[in-house]
Amino acid sequence: MSDFAQKIMAKFADDNAKFLFLTAAFGWFLASAAQTFGIITNKKIDDEDKKFLIPQEIGDGLVNIGLYALITAPLMKHTQKMIDKGAITFANVTKDSPEFDRLKGGAKVIASIAGAVISSNILTPIARNKLGTIAQRKALHQKVQTKAPNYDPYYQPLFQKNMDRAPLKMSNYIAFTRSGNLKI
Amino acid sequence: MITRIQSNNNTVNFGALKLNKGAQNFLTKADNFSSVHQRLALGVFGLIVQPAIDLKNKEVDEDTRKVSALRSAAKAIIGTTTGIIVRGGCIKAAELKFAKRDSNGAVLKNAKKTVIDENKIYKTFKKGFDSLKLDDKQLKEAINRVPSVIGTIAALCVMIATNFLVDAPLTNKTMEKLEEIMAKKQQKESEGAKNV
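Residue numbers (my numbering), protein chains in the order written: chain L, 3 to 186; chain F, 520 to 715.
The following block holds chain F by itself, in its conformation from the complex (with noise of 0.2 Å):
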């Protein structure tokens, strides 16, 4: 992915690393990343990592350890799940609310993805916007992540009730159904080892 530039006289970026097309692909594509992307990263690196920390944690007993890790695997599913429908679902309302439309007032669509109205977004924030002295493609690019912008402050604002109604009860309740698992495999495990 990374290839290292071999230094020369010739080079100003002496010793440099050259990122190669596919790398750049990808940059291009995060530099569009929305909080939904950011959010699955997120959750499954926690996911992966921070039971497992848990279970490592030596300064408290077993079943301590047990319930934490548990807990941090409820709060990554449950959390990233909810976080994922939440800002998905907002961003998608705030590009509809920014939709091109058909003179029959049906969303415009290219290649399944809402054609957002440009001119409409500018428009609403031309000051912000003129303020800050972008060329012309930087501009469409900046407009384009407004439906995202605008999207994910109100799945911020949604969050502060899906937190308290929704992520809390519900990891308490996956919570308790992991529990009911690890005990019922505990038990399982200690029965077969009687027949030994």
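Isolated chain L, as found in the complex (with noise of 0.2 Å):
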């Protein structure tokens, strides 16, 4: 095995936290990209809910490990500095003791498992349903964009909201006037 890679298993190895701090970041990323992946290949979600749903998929990956490192770097480092400065204290632990390392290393893990479940589990989702309502409301304003009736003879404009272009059968006349939407 490479010089690089033992160095790096034993870092890992040695500082659990920031090896758990890493991974999930990695595996968020992973995990966003599947749901993604699997909203968009999903037939039996229709249009208007996947112009919310894969947004708010994307949106969620990215906020998510954003936030993740913005919340989750300080806290572990903060508990380690309140750690070594004595401001969080171990009964009958002194900071020479072997049990001092262990203790901070398991305080360190806690601050990261917390600044996950604060940064994922609660910050998250409420930034990516303001993100993804953002993005719903741009993509139905584009709709409506493109959807402006340009003036084509053989074809009924006035059909296009619901029919797509249909052509002018008898069908589709005797459906043009009984039409919610008609006015003369």
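In short, the hints are calculated from the structure, not lab data.
Source: prediction; values computed, not measured.
You may find that some hints are simply not true.
Simulated pairs of lysine-lysine, DSS-like, Cα-Cα distance not exceeding 27 Å [claimed, not checked]:
{"no.": "1", "chain 1": "L", "residue 1": "53", "chain 2": "F", "residue 2": "585"}
{"no.": "2", "chain 1": "L", "residue 1": "20", "chain 2": "F", "residue 2": "645"}
{"no.": "3", "chain 1": "L", "residue 1": "83", "chain 2": "F", "residue 2": "540"}
{"no.": "4", "chain 1": "F", "residue 1": "656", "chain 2": "L", "residue 2": "87"}
{"no.": "5", "chain 1": "F", "residue 1": "646", "chain 2": "F", "residue 2": "540"}
{"no.": "6", "chain 1": "L", "residue 1": "83", "chain 2": "L", "residue 2": "9"}
{"no.": "7", "chain 1": "L", "residue 1": "9", "chain 2": "F", "residue 2": "659"}
{"no.": "8", "chain 1": "L", "residue 1": "53", "chain 2": "F", "residue 2": "577"}
{"no.": "9", "chain 1": "F", "residue 1": "713", "chain 2": "L", "residue 2": "20"}
Reference listing, derived: stretches of chain F covered by chain L, where coverage requires no fewer than 3 residues with Cβ under 8 Å from a Cβ of chain L [said to hold, decoys possible]:
{"no.": "10", "segment": "568 to 577"}
{"no.": "11", "segment": "631 to 639"}
{"no.": "12", "segment": "675 to 686"}
{"no.": "13", "segment": "707 to 713"}
Okay, the calculated beta carbon distance ranges per label pair [stated by the list, open to error]:
{"no.": "14", "chain 1": "L", "residue 1": "143", "chain 2": "F", "residue 2": "703", "range": "17 to 23 Å"}
{"no.": "15", "chain 1": "F", "residue 1": "638", "chain 2": "L", "residue 2": "45", "range": "53 to 59 Å"}
{"no.": "16", "chain 1": "L", "residue 1": "89", "chain 2": "F", "residue 2": "575", "range": "34 to 40 Å"}
{"no.": "17", "chain 1": "L", "residue 1": "71", "chain 2": "F", "residue 2": "616", "range": "29 to 35 Å"}
{"no.": "18", "chain 1": "F", "residue 1": "616", "chain 2": "L", "residue 2": "103", "range": "23 to 29 Å"}
{"no.": "19", "chain 1": "F", "residue 1": "632", "chain 2": "L", "residue 2": "71", "range": "31 to 37 Å"}
{"no.": "20", "chain 1": "L", "residue 1": "49", "chain 2": "F", "residue 2": "688", "range": "15 to 21 Å"}
{"no.": "21", "chain 1": "F", "residue 1": "688", "chain 2": "L", "residue 2": "5", "range": "39 to 45 Å"}
Note that beta-carbon positions come from the ideal geometry of N, C-alpha and C, so glycine has one too.
Since each chain comes alone in its own frame, lean on the hints to assemble the complex.
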């Protein structure tokens, strides 16, 4: 095994909190990619829901990893600092004892999990819902603009809203005359 | 769980938080938490909190809100289940790879836990461990965490496939089932209201 691989493995094994922090971020990237792929390929979700769910999923992944790093890294650092400076102390454990390092490591692991829970379970869903709504509104706005009727003698422009450029046949004409949108 | 120290002139830790024995035992265990514990904590909180947040999202209509909440619940259930199974399985496989064996090749166990061959791990990653300059106790702990590290990294590779092949389709299937249950429930409620 290469020196680099050995060093990485030993570092990860020594600093469990940092290892869990990094692997969680990478895991979320993979999960988000899979979920987005799942929505895109799911024929049972209608297009209107997809317009909300796809940006929600992509936003979820980006915001999740961003917020996770933004909250968890400082939380872990501050936990470590508080223990080093004596703002958090342990009963019958001095700084020189081997137990101290284990407790500090454990506190960092808890900080990393707490940061993940706060960022990915609370802040990310709120942020992604906001982003998803903005994206959905944008998509709907674009749809309205592209649906603007163009003059075409072979097509009835008023049908475009519901029938996607259906040619003007008799059945369509009957539907046209019954249409609630008909304003003459 | 946490007892606040009374400040006085004789203590260095003025106004510090002193953790009691119970909290310390928990932190000692937490130092060896694996990605399985991490995934479990995230999954449980996710299942409780995320659908509630989706249902309170007033920016979208009620149907989209329900679809979104159902999807979050389905994601939490499926993601946590497959995540724990894949991580747990890969960590177990890594433990077996570095397990101590008897003369017949059978894995040695102590209180149902696989006994790790620490020397084998140390020899495999010697240059890495030597570069860290750890004391004996720290080295022993780091060595014992190696199967968890290898298992978690392997699990991430496996999950590239399972996310696409298991998570995504299962989430969709679960969501469809949940929607069916919701629709049936609503139908029953509306029928009940008509009968009244």
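Hint by hint, here is what the structure shows:
no.	hint	verdict
1	L:53 <-> F:585	holds, 15 Å
2	L:20 <-> F:645	holds, 21 Å
3	L:83 <-> F:540	holds, 21 Å
4	F:656 <-> L:87	holds, 24 Å
5	F:646 <-> F:540	violated, 37 Å
6	L:83 <-> L:9	holds, 25 Å
7	L:9 <-> F:659	holds, 16 Å
8	L:53 <-> F:577	holds, 17 Å
9	F:713 <-> L:20	violated, 59 Å
10	568 to 577	holds (count 5)
11	631 to 639	violated (count 0)
12	675 to 686	holds (count 6)
13	707 to 713	violated (count 0)
14	L:143 <-> F:703: 17 to 23 Å	violated, 36 Å
15	F:638 <-> L:45: 53 to 59 Å	holds, 55 Å
16	L:89 <-> F:575: 34 to 40 Å	holds, 36 Å
17	L:71 <-> F:616: 29 to 35 Å	holds, 32 Å
18	F:616 <-> L:103: 23 to 29 Å	holds, 27 Å
19	F:632 <-> L:71: 31 to 37 Å	holds, 34 Å
20	L:49 <-> F:688: 15 to 21 Å	holds, 20 Å
21	F:688 <-> L:5: 39 to 45 Å	holds, 41 Å
Of the numbered hints listed earlier, those contradicted by the structure are 5, 9, 11, 13 and 14.
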